[in-house]
Amino acid sequence: DVKVTQSSRYLVKRTGEKVFLECVQDMDHENMFWYRQDPGLGLRLIYFSYDVKMKEKGDIPEGYSVSREKKERFSLILESASTNQTSMYLCASSLARGGTYEQYFGPGTRLTVT
Amino acid sequence: AQTVTQSQPEMSVQEAETVTLSCTYDTSESDYYLFWYKQPPSRQMILVIRQEAYKQQNATENRFSVNFQKAAKSFSLKISDSQLGDAAMYFCVNWEGAQKLVFGQGTRLTINP
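Protein chains in written order, with the numbering used here: chain A, 116 to 229; chain B, 3 to 115.
Okay, chain A solo, but in the shape it has when bound (with noise of 0.2 Å):
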């Protein structure tokens, strides 16, 4: 079965502070996600890798930075937190070639910034 882990369930931080989110999938997939999910909006893509050190932008990047030194781990970054980031973000991790594009979703962490 695959695996993705995010290091924490829920997270609360201040305004300012920088908070780092980790993900780690046991898959050996090329590609890894992070994506912010509120209320009415569904799911939204922050950042994606499809590589180590590979980054593209999503739909929502402001804000936030991602870093990939190893295949298996994607972080994702808050430089300085603010309250509008206060969200669930969810990592996903899928194979680039060979599947179906199916993508397999760590827990969440629920981050709040007060």
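Since the hints were derived computationally from the structure, they do not count as laboratory data. Treat the hints with care, as some may be off.
Claimed, not checked - Here are some of the chain A residues that sit facing chain B, going by a computed Cβ distance under 8 Å:
hint, residue
1, V139
2, G155
3, G157
4, Y216
5, F220
6, G221
Just so it is clear, the structure is predicted and the values come from calculations on it, not from any experiment. Beta carbons: idealized from backbone N, C-alpha and C, even for Gly.
Based on the hints, put chain B in the right spot on chain A.
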């Protein structure tokens, strides 16, 4: 930009009955995939069913089936013999290409015992 629209924010059904969740999408691709994902309360998002656009036959997975109308760009999910464990948020999803997925807003399904 490609879009996916789920017009039913919430639905409910009696246990053992059948329910249909609606979805429409907009894409410029000729070949694409569509998915329904399920997110149970406080649990991980999982794939329920997938449909390849080039296949005319509707996909089925046990009690879950889809009605794929390519010309109308419609992709509904039917759940037969609803069970309490089917209670979840359901997302209709389109594969946009370049490895990206586009999600609908979600439909929260409640199962009444």
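**Study point:** Given hint Y216(A) near chain B, where the shortest CB pair must fall under 8 Å
**Key:** holds (5 Å)
Review point. With 8 Å as the cut and Cβ atoms as the points, is V139(A) at the interface with chain B?
Key: This hint is violated: V139(A) lies away from chain B, its Cβ roughly 14 Å from the closest one there, beyond 8 Å.
Check your understanding: Close enough to count: is the Cβ of G221(A) nearer than 8 Å to one in chain B?
Key -> holds (7 Å)
Check your understanding: Hint check: is the beta carbon of G155(A) less than 8 Å from a beta carbon of chain B?
Key -> holds (6 Å)
Exercise for review: Closer than 8 Å between Cβ atoms is the bar; does F220(A) clear it against chain B? Give me holds or violated.
Suggested key: Result: holds, 4 Å to nearest chain B Cβ.
Check your understanding: Per the CB criterion, is G157(A) less than 8 Å away from chain B?
Key -> With a closest approach of 4 Å, the G157(A) hint holds.
The structure fails hint 1 only (numbered hints given earlier).
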